[in-house]
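J.: Following the hints, put chain S in place on chain R, whose structure we already have.
Quick mapping for you: the protein sequence lines, in order, are chains R and S.
Read in order, the letters of the first sequence are residues 261 to 483 in the numbering used here.
Read in order, the letters of the second sequence are residues 261 to 483 in the numbering used here.
Bear in mind the hints are in silico, worked out from the structure with no lab data behind them.
It should be emphasised that the depicted structure is a prediction, and the values quoted were computed from it without experimental measurement.
Glycine included, every Cβ here is placed at the ideal spot set by N, Cα and C.
Taking lysine-lysine pairs in the BS3-like style, the calculated list, with each CA pair at most 25 angstroms apart, reads: (1) S:299 / R:415; (2) S:304 / R:445; (3) S:335 / R:415; (4) S:445 / R:276.
Which bits of chain S does chain R cover? Going by a derived footprint, with three or more residues having C-beta under 8 angstroms, they are: (5) 268 to 276; (6) 329 to 340; (7) 354 to 361; (8) 434 to 447; (9) 457 to 464.
Residues of chain S clear of chain R, computed beta-carbon distances all greater than 10 angstroms: (10) 288; (11) 381; (12) 401; (13) 403; (14) 428.
Protein chains: 2
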Amino acid sequence: MRKDKVSEAVIRRLPKYYRYLMELERIGVERISSQELSKKMGIKATQIRQDLNCFGGFGQQGYGYQVKMLKKEIKDIIGLNREYRVILVGAGNIGQALANYIGFEKEGFNIVGIFDVNPKLIGNTIRSKTIMDIDTLHTFAKQNRIDLCIITTPKENAQQIADMVIGVGIKSIWNFAPVDVEARKGVFVENVHLNDSLYTLVYRINEQEGMKKRECLPAKGGE
Amino acid sequence: MRKDKVSEAVIRRLPKYYRYLMELERIGVERISSQELSKKMGIKATQIRQDLNCFGGFGQQGYGYQVKMLKKEIKDIIGLNREYRVILVGAGNIGQALANYIGFEKEGFNIVGIFDVNPKLIGNTIRSKTIMDIDTLHTFAKQNRIDLCIITTPKENAQQIADMVIGVGIKSIWNFAPVDVEARKGVFVENVHLNDSLYTLVYRINEQEGMKKRECLPAKGGE
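Just chain R, same shape as in the assembly (with noise of 0.2 angstroms):
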């Protein structure tokens, strides 16, 4: 009998296994087999049996799986059944949109703090937090218990908030700046990078277009 620890790709696999549920349970559907799921989400039946399994199954053979217990033992497993105490540097447009989007709320996620340098901006307030001034961020994060910080400042000043929030003691961080926010082990960082996927779209229209003819040659090796 296998005793593995949680690989990173189910545990990367968990939230669209509770998206998927979640809007099963919307939609009304009380069991679904391994093989249903399977067909919706583009994940083997044998993956989706083998990923639960991780947490204990959860569905009974020949009966599959109840959709509203996988889906509380998923959002149960992924930890979205506590409140998280998040603060939130970059007030310009990705911030204020995720500081004013109300479902982060509904989850657990309470923005606490909101940071920026502008003094135009500092002062303003987003759904009654006050944006604050950058500097007052250390004694903020050494009065109140942080959980997470969001970075929303430009890629120029990612790298600098993060090592600043790491000091202060936050161990994870979920970062929107384009550029890779590097941290020492024991922090966690997600790198949301957008344009990537706004780059995919764009190579495949080219691609259809008939702009581009590509083939794959071996690698020479050494450049």
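T.: Chain S only, in chain R's frame:
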């Protein structure tokens, strides 16, 4: 000599190459070996050479890659050397943030139309573009060439909007609604799920805090 079609994985890595090369150019690096690039990007050097060989190579043995030249080549390969006419459907928080983001315009993405169903939003402007009634989208699409549609509606409306814009001949969809939008063959869809990376982060926070002890058991099969 292989003549493979460029694989999905290679296409998905192109934006990452572009991002790193832009950053290298910004900090003044003129040339880089595949080994150095490998270390920075966390992609094997052989993989980098093989990927770039799909498009002609660009490297010189013992010299490496010219950063500026390679960046330009990859920019052209992705298709960022032309203008794209974009419409945006859903002028809520994320929609407004994307419409306000001038970075897209700099890269050739021109938002030519913004649409919503909300009478309170219709008629407002975002960067001098008037938010139009979704009912006028059909006529607008007939009169204007549109390369790409950004969907930033609630999840309940996303598929319906996708079907509508595909119906008027739009071939590419960049979807931010938290549901996988489906399309017929020949239409390209990129579903952006911001929450997925947030949930992955949250899973790790809880894993570290020792709230979960997990091991993977082999699948039994048949659920």
